[in-house]
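Order-wise, the sequence lines are chains A and B. For the first sequence, position 1 (counting from the first letter as 1) is numbered 1 according to our numbering, and the numbering increases by one without interruption. Heads up: take any position in the second sequence, counting from 1, add 430, and you land on our numbering.
The hints are simulated quantities; they were obtained by calculation from the structure and are not laboratory data. Check each hint, because a few of them may be wrong.
As a list, the in silico BS3-like pairs of lysine-lysine whose alpha-carbon atoms are at most 30 angstroms apart [as the list claims (entries may be wrong)]:
#1 B:K574 to B:K767
#2 A:K144 to B:K574
#3 A:K144 to A:K337
#4 B:K574 to A:K271
#5 A:K417 to A:K271
#6 B:K847 to B:K701
Incomplete in silico selection of chain A near chain B, CB under 8 angstroms [stated by the list, open to error]:
#7 I22
#8 P142
#9 A148
#10 G149
#11 A289
#12 A292
#13 G293
#14 A302
#15 P306
#16 V315
#17 G400
Where a beta carbon is used, it is the ideal one built from N, C-alpha and C, also for glycine.
The primary structure of each chain is shown beneath.
Protein chains: 2
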Amino acid sequence: MDRVIRIGLLGCGTVGAGVVTILDREADDLAARTGARLQVTRVAVRDTTIDRGLPLPAEVFTDDPMAVVEADDVDLVVEVIGGRDLAGTLVRRALELGKPVVTANKELIAHEGPELAEAARAGGVDLAYEAAVAGAIPIIKPLKESLAGDRVTRVVGILNGTTNYILTRMTEEGAAYADVLSEAQALGFAEADPTSDVGGHDAASKAAIIASLAFDTTVHAADVFREGIEQVSATDIEVASRLGYVIKLLGIASEIDDEVAVRVHPTFLPKAHPLAGVRESFNAVYVEAEAAGELMFYGRGAGGMPTGSAIVGDVIDVARNLLQQAPGPFPSSHRRKRLRPIEDLQTQYYVLLDVEDEPGVLAEVARTFGDHTVSIAQVWQEGSGDTAQLVLITHRAREGDLRTCVDALEASSAVRKVTSVLRVESEVWE
Amino acid sequence: MDRVIRIGLLGCGTVGAGVVTILDREADDLAARTGARLQVTRVAVRDTTIDRGLPLPAEVFTDDPMAVVEADDVDLVVEVIGGRDLAGTLVRRALELGKPVVTANKELIAHEGPELAEAARAGGVDLAYEAAVAGAIPIIKPLKESLAGDRVTRVVGILNGTTNYILTRMTEEGAAYADVLSEAQALGFAEADPTSDVGGHDAASKAAIIASLAFDTTVHAADVFREGIEQVSATDIEVASRLGYVIKLLGIASEIDDEVAVRVHPTFLPKAHPLAGVRESFNAVYVEAEAAGELMFYGRGAGGMPTGSAIVGDVIDVARNLLQQAPGPFPSSHRRKRLRPIEDLQTQYYVLLDVEDEPGVLAEVARTFGDHTVSIAQVWQEGSGDTAQLVLITHRAREGDLRTCVDALEASSAVRKVTSVLRVESEVWE
Chain A
1 MDRVIRIGLL
11 GCGTVGAGVV
21 TILDREADDL
31 AARTGARLQV
41 TRVAVRDTTI
51 DRGLPLPAEV
61 FTDDPMAVVE
71 ADDVDLVVEV
81 IGGRDLAGTL
91 VRRALELGKP
101 VVTANKELIA
111 HEGPELAEAA
121 RAGGVDLAYE
131 AAVAGAIPII
141 KPLKESLAGD
151 RVTRVVGILN
161 GTTNYILTRM
171 TEEGAAYADV
181 LSEAQALGFA
191 EADPTSDVGG
201 HDAASKAAII
211 ASLAFDTTVH
221 AADVFREGIE
231 QVSATDIEVA
241 SRLGYVIKLL
251 GIASEIDDEV
261 AVRVHPTFLP
271 KAHPLAGVRE
281 SFNAVYVEAE
291 AAGELMFYGR
301 GAGGMPTGSA
311 IVGDVIDVAR
321 NLLQQAPGPF
331 PSSHRRKRLR
341 PIEDLQTQYY
351 VLLDVEDEPG
361 VLAEVARTFG
371 DHTVSIAQVW
381 QEGSGDTAQL
391 VLITHRAREG
401 DLRTCVDALE
411 ASSAVRKVTS
421 VLRVESEVWE
Chain B
431 MDRVIRIGLL
441 GCGTVGAGVV
451 TILDREADDL
461 AARTGARLQV
471 TRVAVRDTTI
481 DRGLPLPAEV
491 FTDDPMAVVE
501 ADDVDLVVEV
511 IGGRDLAGTL
521 VRRALELGKP
531 VVTANKELIA
541 HEGPELAEAA
551 RAGGVDLAYE
561 AAVAGAIPII
571 KPLKESLAGD
581 RVTRVVGILN
591 GTTNYILTRM
601 TEEGAAYADV
611 LSEAQALGFA
621 EADPTSDVGG
631 HDAASKAAII
641 ASLAFDTTVH
651 AADVFREGIE
661 QVSATDIEVA
671 SRLGYVIKLL
681 GIASEIDDEV
691 AVRVHPTFLP
701 KAHPLAGVRE
711 SFNAVYVEAE
721 AAGELMFYGR
731 GAGGMPTGSA
741 IVGDVIDVAR
751 NLLQQAPGPF
761 PSSHRRKRLR
771 PIEDLQTQYY
781 VLLDVEDEPG
791 VLAEVARTFG
801 DHTVSIAQVW
811 QEGSGDTAQL
821 VLITHRAREG
831 DLRTCVDALE
841 ASSAVRKVTS
851 VLRVESEVWE
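Whole structure, please, built from the sequences with the hints as guidance.
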């Protein structure tokens, strides 16, 4: 066995170091599997003076990432820089040069995935990104390959570990959002600027990637309806629990009447659902397919070694394809589905109102719902005097109708404040 | 696109009909993905006179399966006959002829998998069997490909839907084994002769297949230590529940000190473990890997359409490889691990004893455990007079020591009967 696949690594933070570690530790095994030794020949880093304690000679490090992509002694590019601009330029250049790319860059793939996939197809090389969604959990390959002969109808995922950690602590300790977020930041489970996580941006990127593959269509991150968990209160969680639900930040992608709907928002999920038991910072993806039925994939969504494991899995595939000159399979976007606007969503809603505690209030609230063709499934009032609260769960209603109903409630003299509005996914899923 | 891959189907029961249905329904989509139309040209059945209501012309059916394998107009063989003798002969012949094989035959793969894989490698063609383990759940491909660069340390699976259904009903209704089995048979969830399921034979076959792939070694079905659920009583389940456990029939494959241990038996599993929530006839496979950490795969373990979905996923892979003349990846058994005998297993045990209700009994029982270097973690006595029962949970002990301890207990005058002995998997997994 004389063959060597020479790897150019772009970025060498936690994930890049994980990749180098695994490639070194499993070198003989990987050579046996791929038919070639996998050797990291160049590594682009911002600061070449740091000793990273990795089993690589000092001369492989450079601060010029484009030189790595273009180097004659690089056959395969692994991109773990992250972000869109520089990473996008480098990935496009590699594909143009006919060099396959393995990336963990969810932001890049979520925004430009279909275009990059097309560039890869044109270049006759692979673009692999298992690590971009849900870390170590194999979900891209099952969607792209195992379920390729089936018809996926819905994918529901817990796609962000930070928010799942926060919601788990809130649920299990009755704690307030702000307190748990501070604690998570102190422990390093949440970033100093947590917007990307708690605002649902990270989950929306992953939902776009999943929806594109699941429905063979083109969904960009900007197409995903998105709400974060910042407004979820201890009261919401307590009400949910009393009704038999947990609140999870879900990414939901579904195909309805030949349209695709993709959304990320905090959701009332029945406690008996397999996703409801996914605690702490774990991720999970639940898939419904016509023939396969219900499937779930569960694991670590982040971390240097889990993400490194997913990258090395991709590197093996890509290296084999390179040796056999047989790239693919390429993702397919041939079905080009129309995106369903969020206003046309049909689901159930939980509405929490601060109301005046006086006769006729319930009647007026009920009339307002009826006027907007939103039917009430459950209602009860709590507290009295200054703290009267009305909890309502609706039957399935159109999001557009619910929104105008909420506007009318806010304008109503009987309602002091619409405190919470959250979507409820019961047994009838849409 | 003129290319056609011609499929010979061996067997056309529920699963075979599922395959034909999916191939027909998704024909255009499959052609777009593979680059060739997938056409079923020959089908071997026992009785060619039955109208199966499938979208196939009558002349494709024959009662000569070898003629299908050898036919000039068959490029790829799908085997869903089941059993070892005939199926084995047909699969070997196909591989010898350089025709790739997709099979759902767990029994065949569990007994002859490594040898058949070698025949496939020699023939330069693929042998794919995703459908042989856990139906629609992609587990073979993740182990063989996604985790190929990682090091799997343990795989734990709920691999048989019938026994999981029975244990779920026993747990949730407090019902007796025999009653639930009769009910399951009446509902068609259990076979008239349930031995293969309740005796753990089916799960042991799947555990052997999983262990071979997870540890790159050769494990045959006969190498798997096996106990069924026939002896699990309502009392065992109730005691387990009180202690925070559920009883599941688990297949457990682990690598310890360069040896591989594979076993199937009813197990006390902590209620908080992700596998504990897998109810009814669902299957799930839990994987621990060095870099990836914990992963779980969940879904339907059986049924015509779920199994058909897994087969078609394999057919797509194999068809692509056939078109590109690039078979593989082949499973690797290059690590050839020694099998650890069950006597060397170290785990915790639950022991239920019928004892005489008189002074000195507990002391004698405790001394017997101590004499065999089995340390007791928890003990209590229930009932009195004729019905006194002693419940014991041990610390981790060697299986060989526990067995001689149980023999001594049975010979002891203080013990009327050793009612139950079950293994307990707590937080410290081995």
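For each hint, the structure was consulted:
1. B:K574 to B:K767: The given pair, whose Cα atoms are some 17 angstroms apart, holds under the 30 angstroms limit.
2. A:K144 to B:K574: Status holds; Cα separation ~16 angstroms.
3. A:K144 to A:K337: The given pair, whose Cα atoms are some 17 angstroms apart, holds under the 30 angstroms limit.
4. B:K574 to A:K271: Not satisfied, since the Cα-Cα distance of roughly 34 angstroms exceeds 30 angstroms.
5. A:K417 to A:K271: holds, 29 angstroms
6. B:K847 to B:K701: Holds: K847 (chain B) and K701 (chain B) sit about 29 angstroms apart, inside 30 angstroms.
7. I22: holds, 6 angstroms
8. P142: Because about 4 angstroms separates P142 (chain A) from the closest Cβ in chain B, which is inside the 8 angstroms limit, the hint holds.
9. A148: Result: holds, 5 angstroms to nearest chain B Cβ.
10. G149: holds, 3 angstroms
11. A289: holds, 7 angstroms
12. A292: Nearest chain B Cβ about 4 angstroms off; hint holds.
13. G293: holds, 4 angstroms
14. A302: It is violated, given that the least Cβ distance between A302 (chain A) and chain B is near 10 angstroms, above 8 angstroms.
15. P306: holds, 5 angstroms
16. V315: holds, 7 angstroms
17. G400: For G400 (chain A), the interface hint is violated, since the closest Cβ of chain B sits about 33 angstroms away, which is over 8 angstroms.
When held up to the earlier numbered hints, the structure conflicts with 4, 14 and 17 and fits the remainder.
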